[in-house]
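*Asks:* The chain contents come next:
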Amino acid sequence: MRKLLEFLNRPAPRGNFFSRAINAAPFQVLVCLLVTAVVVAAAVNEYATNKYLNVGYTPDQPVAFDHSFHAGPDSVLGLDCRYCHNYVDKSGHSNVPTTNTCWNCHSQVKTDSPALALVKKSMETGEAIRWVKVHKVPDYVYFNHAVHVNRGVSCVECHGRIDQQVVVGQQKSLNMSFCLDCHRNPEQVLRPVDKVTDLAYKAASPAQQTADGTKFVHDWKVNPPQSCSGCHR
Amino acid sequence: MAHAHDSSSERPAILDKVRPAELPRSPLILNNRGFHWITDKVCGIVEEETPLWWKIMFGVALFVASFTFIGLGYLVATGTGTWGLRSPVGWGWAIVNFVFWVGIGHAGTLISAILCLLRQKWRTSINRAAEAMTIFAVCCAGLFPLFHVGRVWFGWWLLPLPNQNGIWPQFRSPLEWDVFAVSTYFTVSTLFWYMGMIPDLGTIRDRATTWWRKAFYSVLAMGWRGGNRQWSNFEMAYLLLAGLSTPLVLSVHTIVSFDFAVSNVPGWHTTIFPPYFVAGAIFSGFAMVLTLMLPLRAIYRLHDVINQYHIDNMCKIILATGTMVGYAYATEFFIAAYSGNSFEKFAFVNRAFGQYAWAYWIMVSCNVITPQLFWFKKVRENHSLVWIICLFVNVGMWFERFVITITSLANDYLPSSWGYYSPTIVDIFTFFGTFGFFSVLFLLFVRFLPLLPMAEVKMVAPQADPHAH
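Protein chains in written order, with the working numbering: chain B, 1 to 233; chain Z, 234 to 702.
Simulated from the structure, these hints should not be mistaken for lab results. Some clues are possibly wrong.
Facing chain B, from chain Z, some residues (calculated, C-beta under 8 Å) [said to hold, decoys possible]:
{"hint": "1", "residue": "Asn398"}
{"hint": "2", "residue": "Ala441"}
{"hint": "3", "residue": "Thr442"}
{"hint": "4", "residue": "Thr443"}
{"hint": "5", "residue": "Trp444"}
{"hint": "6", "residue": "Arg446"}
{"hint": "7", "residue": "Lys447"}
{"hint": "8", "residue": "Gly456"}
Here a beta-carbon is modelled for each residue, glycine too, at the ideal position from N, C-alpha and C.
Please model the entire structure based on the sequences and the hints provided.
*Replies:* If you want it as structure tokens, here you go:
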């Protein structure tokens, strides 16, 4: 400490403190700051967003249920989404099926498969299978499945082509601008209600989608809220 | 007039006898002090050994400032409920304190910009300290709305930055305009203050004897050499910044007043608010300048540079703006009665005779009655009295914001949702601490930066006028 004070209080140099070369310093500092600002902004834009942090989240599930085998038009079985998620069009909350739903078929099919051991055990003990939740929104976001599904918003809009996934992972960013994109332009996504669970459905052309969508918005009086309290209740 | 025209060819005899009285301007620098004296005086404040009073004051200021930061820390850790904000009063002391401090921050730029454009030479003796006061007051002011948002770590949401929420701040809200108004004001004031200081920093640098001083002031002086070209650029930049900050003096408090006036709460929703707020801000700002400068003048014996003429001028500005504020109070009542709006009428009767009548009458006596004493020359020459009156003005202006903010919210349209607001101990500590925070910054300024603009004071000294003799 004393040494430092002696160093600081030693006599001032005669003449200019800085050499002429320092004249370039302000410009150099400015350039460094600008470059840093651009790099930081680009990095935040890429890495600190849901599309980087959350998309691709594919946790291991207790039972290796294969959606691509069971559900959808291209699958072996071709089940409708609502066979298992049977409250999605009736309730704000879309249910994960109980073991009983599995057991409807698996009491007969592949009863001794080791992959189904946990299902069997759950059926015997009555203890639920602890599925891991994949698609999460913050707890201050109110999302009602039934309202969307009954107004022609397909499962695929938020969940992607789950019918092609062996293990379910998050495919869309699910951040707020993702919600607002649809809420601001609902005509770009609305489809006939009977096509909601047809994840492969596409309107004949983008122009057709806009025309159909605009008609649905009008006929069904679709008015998606854009105010804060629409979702943050 | 006809007579005057007729005799225009020959001078009227009467004028030879009655010579117009000479009205000498008061000298701005007394006792014929020269340039060298000014340099020594101002640099001496920075160069002398740290005085004992400064050390004591700095310790006290740090201690008081800790109240603010402990209060804010507690608020962040616990939640905004620790402030006395309850329905119906959602804007408590935090907003009162914000408007109070921002108001104080008005004198600096008024003195440096508007008085500069109006060629009021007396401003040079006080403008540096007033600008510093402005900047530090805005620092104190900014704390309150920033922490009032609750989750201060989301404070950057106030800025229009692209974000993955896909939304912008609410540009139609006067609170958002405030963000721009105050931050622009802060930036321009700081630039103006710093740029004006560069020649003086160069002087201090050249006089430095120790290594750290030379290093410190060399960085701050940014290579100032005092050459002709530098001076000519400096003068032009100063003029441009003065022009740029002149509208800001008016716009900042106008927009602060919009926080209230744009809402539809009785007692807030009035068109008089912008001029009324600006007058009040200049009023409180000048009171704060005098509150700070009178003790500094005594401590550093600056009587020749800040003389009775300067104090007189500031007292007269306080008198004028205080009277304007009083006129605004009266106008508010008149309009409330004249409007025929029963809610508006009630709001004002309630202010004067309702549950906050005590605050209203403190406000009126401090803001309208006390400054009237400045009509008397004897009062303006009694500097202890001037200082005390300025303290009263500061108190009164705080109460003005309290009255406006609280009374209107506590008793608005629905009697069923009326309430009575009281601050909590956290409110009180946080506000009390800002005086310490302000003092810490101001004491550092006094100790390390030139308190008076040496170069500008020299320009208005009689010696600077080549035609003086």
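*Asks:* Could you run down the list of hints and mark each one as holding or not?
*Replies:* Hint by hint, here is what the structure shows:
no. : hint   : in the structure
1   : Asn398 : holds, 4 Å
2   : Ala441 : holds, 5 Å
3   : Thr442 : holds, 6 Å
4   : Thr443 : holds, 5 Å
5   : Trp444 : holds, 5 Å
6   : Arg446 : holds, 7 Å
7   : Lys447 : holds, 4 Å
8   : Gly456 : holds, 7 Å
When the structure is compared with the earlier hints, no violation turns up for any of them.
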